[in-house]
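Based on the hints, put chain B in the right spot on chain W.
From first to last, the protein sequence lines stand for chains W and B. Heads up: the first sequence begins at 1 in the working numbering, then just goes up one per residue. Heads up: the second sequence begins at 114 in the working numbering, then just goes up one per residue.
No wet-lab data here; the hints were simulated from the structure. One should not assume that every hint holds.
Just a few of them, taken from the derived set where beta-carbon distance is under 10 Å, the chain W residues facing chain B [to be verified]: (1) 41; (2) 49; (3) 101.
Capping the alpha-carbon separation at 20 Å, the derived lysine to any residue pairs in SDA-like fashion look like this [what the hints assert, rightly or not]: (4) W:105 to B:155; (5) B:170 to W:102; (6) W:108 to B:220; (7) B:170 to W:3; (8) W:42 to B:208; (9) W:105 to B:223; (10) W:42 to B:151; (11) W:108 to B:152; (12) W:42 to B:158; (13) W:105 to B:173; (14) W:42 to B:201; (15) B:170 to W:94; (16) W:105 to B:158; (17) W:57 to B:215; (18) W:42 to B:223.
Think of the CB as a built atom: it goes at the ideal place given N, C-alpha and C, for glycine as much as any other residue.
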Amino acid sequence: QQQVKQSPQSLIVQKGGIPIINCAYENTAFDYFPWYQQFPGKGPALLIAIRPDVSEKKEGRFTISFNKSAKQFSLHIMDSQPGDSATYFCAASQKAGSYQLTFGKGTKLSVIP
Amino acid sequence: GAGVSQSPSNKVTEKGKDVELRCDPISGHTALYWYRQSLGQGLEFLIYFQGNSAPDKSGLPSDRFSAERTGGSVSTLTIQRTQQEDSAVYLCASSRILSGNTIYFGEGSWLTVV
Numbered sequence: 001q002q003q004v005k006q007s008p009q010s011l012i013v014q015k016g017g018i019p020i021i022n023c024a025y026e027n028t029a030f031d032y033f034p035w036y037q038q039f040p041g042k043g044p045a046l047l048i049a050i051r052p053d054v055s056e057k058k059e060g061r062f063t064i065s066f067n068k069s070a071k072q073f074s075l076h077i078m079d080s081q082p083g084d085s086a087t088y089f090c091a092a093s094q095k096a097g098s099y100q101l102t103f104g105k106g107t108k109l110s111v112i113p
Numbered sequence: 114g115a116g117v118s119q120s121p122s123n124k125v126t127e128k129g130k131d132v133e134l135r136c137d138p139i140s141g142h143t144a145l146y147w148y149r150q151s152l153g154q155g156l157e158f159l160i161y162f163q164g165n166s167a168p169d170k171s172g173l174p175s176d177r178f179s180a181e182r183t184g185g186s187v188s189t190l191t192i193q194r195t196q197q198e199d200s201a202v203y204l205c206a207s208s209r210i211l212s213g214n215t216i217y218f219g220e221g222s223w224l225t226v227v
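Bound-form chain W, shown alone:
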């Protein structure tokens, strides 16, 4: 059972565009929702994260929107740049147990000049 569903699988935008990546979860016990960025040959790196007590969090050009009632969250990248081309993973975890992250399957973003 896939607990975090991510879409789209791939996304191509022009420089300056605003790519949006969406995730939906099922487990209402999740209380931490990070996004990771992964470049080829590298490990995932934490980009931005949100907890369900807020509906939006912004860090630089990256914004997470969170809808608790719909059990959905999304990543927006403002003024996207070619250097943002990477694979983005959403994830979720809960306080109980091992705090392991459950990941979406990833979105490969290409920003073309």
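For chain B alone, coordinates are given in the frame of chain W:
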């Protein structure tokens, strides 16, 4: 160290051989995780350590997979009698406390079974 260190970065092995993958977490991080990333796929949780104990082994795909951690630091993931479907990138991650956040990943060990 400055980051999570994994070795080897690349390993090609013959089907049926055993392999060991090593992870050196960030100094002071008590929690350690192993994930597997297959080509074009997301990250699959394998096992988690708190100190030297592994309270959550739920993600290990078969009894050919095992892991240990000694001294609350270095961890080794062992795959016995490797199969072609074991080919993947094995990622190690660590975090300071069981806070559920700020998990730092290494660059992975790319395993190819031929």
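query = Hint by hint, which ones does the structure fall short of?
reply = none
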